[in-house]
Structure formats: structure tokens, C-alpha cells
Amino acid sequence: MRNKKKILIVCAFFTILANALQAQKVNHFRSDKALLKKIDANFLIADRQCKVLKSKLPLDRFPRTYYANTDSLETTGSGWWCSGFFPGTLINVYRVTKDTALLNEANRELKELAPEQYNKTTHDLGFMMYCSFGTAYKVEPNAQYKQVLINSAKSLATRFSPVVGCIRSWDSKKSDYLVIIDNMMNLELLCWATKATGDSSFYKIATTHANTTMKNHFRPDYSSYHVINYNPETGAVQQKRTAQGYANESAWARGQAWGLYGYTMMYRETHDKKYLNQAEHIASFILNNPNLPADKVPYWDYNVPGIPNVPRDASAAAVMASAFLELCRYTPKDAALKYYHTAETILKTLSNPEYLASPGTNGGFILKHSTGNKPQNSEVDVPLTYADYYFVEAMLRYKALTSSGYEK
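Heads up: the sequence shown begins at 30 in this note's numbering, then just goes up one per residue.
Do not take every clue at face value.
The list that follows gives simulated cross-link-like pairs (lysine-lysine, DSBU-like), each with its CA atoms no further than 30 Å apart [as the list claims (entries may be wrong)]: (1) K269 <-> K175; (2) K244 <-> K224; (3) K183 <-> K233; (4) K149 <-> K224; (5) K149 <-> K175; (6) K428 <-> K175; (7) K244 <-> K269; (8) K362 <-> K67; (9) K83 <-> K377; (10) K127 <-> K66; (11) K66 <-> K244; (12) K303 <-> K269; (13) K67 <-> K428; (14) K203 <-> K233; (15) K428 <-> K127; (16) K377 <-> K62; (17) K140 <-> K183; (18) K428 <-> K303; (19) K269 <-> K302; (20) K233 <-> K149; (21) K183 <-> K302; (22) K183 <-> K127; (23) K203 <-> K244; (24) K303 <-> K66; (25) K149 <-> K183; (26) K85 <-> K140; (27) K167 <-> K83; (28) K244 <-> K233; (29) K203 <-> K183; (30) K62 <-> K149; (31) K167 <-> K269; (32) K140 <-> K83; (33) K83 <-> K66; (34) K244 <-> K149.
Just the calculated beta-carbon pair ranges, DEER-fashion [claimed, not checked]: (35) V409 <-> R137: 28 to 36 Å; (36) E103 <-> P191: 32 to 40 Å; (37) A272 <-> K167: 28 to 36 Å; (38) V409 <-> N133: 29 to 37 Å; (39) D200 <-> S60: 40 to 48 Å; (40) N133 <-> L65: 25 to 33 Å.
Hint data in this document are derived by calculation from the structure and do not stem from the laboratory. All figures in this text were calculated on a predicted structure; none of them were measured in a lab. All C-beta atoms, glycine included, are put in the ideal place defined by N, C-alpha and C.
With the sequences and hints as input, model every part of the structure.
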């Protein structure tokens with residue numbers, strides 16, 4: 030009981046401190062009025078697109094992508110890692126447009142998604158449940174949503190190995206223990222669970238995983254491997270490789286964005302300076318990379334041959350924009366403005382017709398030109414549900430950061 034009280038006191042202290050830091054940082058930023066106007070228009074487009082997508086969606090399915098050449102919507106069941114993004118997007122768009130049709134659809138989908146709170150076969154419960162039920166809980170903090178999130182955190186925690194110091198990502202043969210950089214994004218659910226319950230075990234798993242990942246996933250230039258294969262018996266690193274990047278030693282664009290977002294979030298949740306330093310190192314790798322285009326929407330891998338004649342990844346850009354709009358709150362003025370203006374550039378680029386779908390097109394998805402898994406020729410140059418989610422989140426953060434508050 031004492032430990033629970035201690036952790037609650039610590040969490041409260043860090044929340045107060047973070048809010049104080051936010052108050053100090055927010056006055057650095059001056060909004061681009063034209064961009065704010067465009068973002069407001071984007072939300073109206075997003076509202077219409079969500080309704081188009083809803084009309085195409087079978088009742089027990091969740092959207093994944095859309096193929097324009099065949100006019101076909103690809104959907105998934107609730108157990109797929111992307112299942113939580115569309116209900117989360119619906120709720121976040123509703124928060125701006127106040128269109129109750131979106132909220133009603135989100136609530137219907139949450140009922141379909143709820144059984145996944147007990148799913149112990151996936152590391153992606155943060156994506157699946159926190160991006161959906163966690164978003165819903167911010168709008169309506171009721172006991173039902175809270176319990177779903179707590180149960181989800183308990184299920185996620187079962188995949189943690191104290192020997193390895195990480196949450197297992199992909200199930201595989203017994204001699205392997207696979208951990209991917211994407212898993213940093215699932216730690217927010219665990220940090221939330223400690224604040225919600227007072228049980229420090231969730232927080233300890235999150236920080237241990239983040240520390241182990243920091244030690245083993247990153248190269249000297251702070252680019253990240255996609256997959257680390259640990260020995261499950263000893264915790265030793267057996268292999269460093271990629272699954273969705275160009276090559277084992279290349280920098281897969283979305284993987285770098287996951288790391289940037291994940292360590293920025295971990296600094297917010299712990300206020301441990303090493304996580305802030307890590308996020309800034311990753312940011313430096315991205316922003317100083319000679320293959321990052323001027324419009325800041327990266328190619329699908331920073332080292333892939335053939336640049337500039339290779340696919341871009343709007344999903345990586347959306348994740349980066351959202352991450353930069355948080356990271357800029359925690360750094361000195363010069364760095365903060367660099368991150369802030371980078372996010373502005375990304376939002377402006379993604380708001381152009383090249384990336385932003387016209388209402389009624391693109392299968393109801395908001396953004397075009399994302400790349401899911403190029404090595405497998407899967408989801409290449411298509412809309413993706415998580416690109417839409419993080420684009421909407423980034424727009425919310427921009428609106429809030431340049432007004433009177435900040436959107437977590």
C-alpha cells in the first residue's frame with residue numbers, strides 16, 4: 030500500500046511539473062493563421078470522409094486500407110493491431126466538429142473492440158485499446174472505459190520478460206524473443222494504468238522496456254533497428270535486423286518516427302531526462318538526414334536506393350508531426366521552435382491536395398500516399414488508418430498548443 034501511495038505522489042508531482050513547464054514553453058509559439066484555417070477545413074473534410082468510410086464498413090470489421098485501382102476496402106477483425114485507430118479518429122474528429130454521428134459510430138465500434146482487453150497474444154494493445162478507449166476516456170471518463178483499459182494493461186503486462194527486460198512483440202519459435210521499435214508506442218497504456226490504479230508494476234515494466242530498447246535498438250547515430258532478437262533464457266542480443274525496412278542496417282522511416290514519439294511520451298510520463306535526450310537525438314538524426322525531403326514527408330526508408338523515385342510514407346510524417354508538437358514543449362527555445370516549425374511544415378504538406386483526399390474519394394480515408402510494408406509489397410502508396418489517426422492527433426495538438434492548452 031505504501032508503494033502505491035508513493036507512486037501516486039510521484040505521478041502527481043510530475044504532472045504538476047509538466048504543466049508548469051508547458052506554461053513556460055507555450056508562449057514560444059505563434060500560430061500560422063492560414064494553417065489554423067486550413068486545419069479547421071481539414072476537420073470538416075475528415076468528418077465527411079469518416080462518414081464515407083463508415084458507410085462502406087461491415088458492422089463487425091475495422092478499416093485497414095483502400096485500393097483505388099479496384100475500388101476495394103480492406104478491413105480487419107478486432108484482433109488486428111490497427112483496429113483501434115478508426116474509433117479513435119472518429120472521436121477526435123467529433124471533438125472538433127461535434128458531429129454526434131461520429132461519436133455514435135465510435136461507441137458502436139468500441140463494443141466490437143472490447144473483447145480484445147483480454148488478448149494476451151499481441152503487444153499492440155496500446156495501439157488497439159489506448160488509441161480507442163483511451164481517447165474515449167478523455168471525452169467521457171467513465172468506469173467502463175477505465176476498466177477496459179486496466180484489463181488491457183494487465184493483458185499487455187503478461188508479455189513482459191524480466192530476463193530480457195522487454196515486452197515480447199511477435200510470437201515465434203522458443204529460441205527467439207522478438208522486440209520491435211513499434212512497441213515503444215504501447216507503453217503509454219502501462220503508464221496510464223499506474224496512474225489509474227496506483228499499481229507501480231505497470232510503470233516499472235514500461236520504463237524497463239524503454240531502457241532496454243534504448244540500450245539495444247539504436248545505432249551510434251541514433252537511427253533504430255526495426256527488430257531485435259533476444260535470447261529468452263539469458264536476455265542477450267542474438268540478432269539485429271529489419272522486417273519492414275530496406276535492409277538490416279537501414280533506417281526504416283516509420284520506425285524512426287515510432288522511436289521519436291515513444292521516447293517523447295516516456296519523458297512526459299516519467300520526467301526522466303534520459304528519455305528527453307533520446308528523443309532529441311532521434312530528432313537530430315531525422316532532421317539532419319540528407320534524404321529527408323524539404324516538405325518533411327519521408328521516403329519509406331532513409332537509405333533505400335533510388336531516392337527520390339521511391340514511395341513516401343505519409344504515416345511516418347503524421348507520427349513525426351504529432352511527436353514534434355509534444356517534444357517542442359520540453360526543450361529550450363531554439364530547439365523548440367525547430368521542432369514546432371518542422372511539424373508546421375508537415376501539416377502544411379499533408380494538407381495539400383497531393384496528400385489530403387478530396388471528400389468522397391480515397392475510400393473515405395483522409396490521407397493518401399502511405400507505405401505499410403514495402404519489402405512484402407503490402408500496402409504501398411495507399412491510405413492507412415493509422416496515418417489518419419496521427420494526422421488528426423497532430424492537428425488537435427497544433428490547435429491546442431497555439432491556444433490556451435495542450436493536447437496529450
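Self-check item: Violated hints, by number in ascending order, as checked against the structure
Solution: Hints 1, 11, 22, 24, 30 and 31 contradicted; others consistent.
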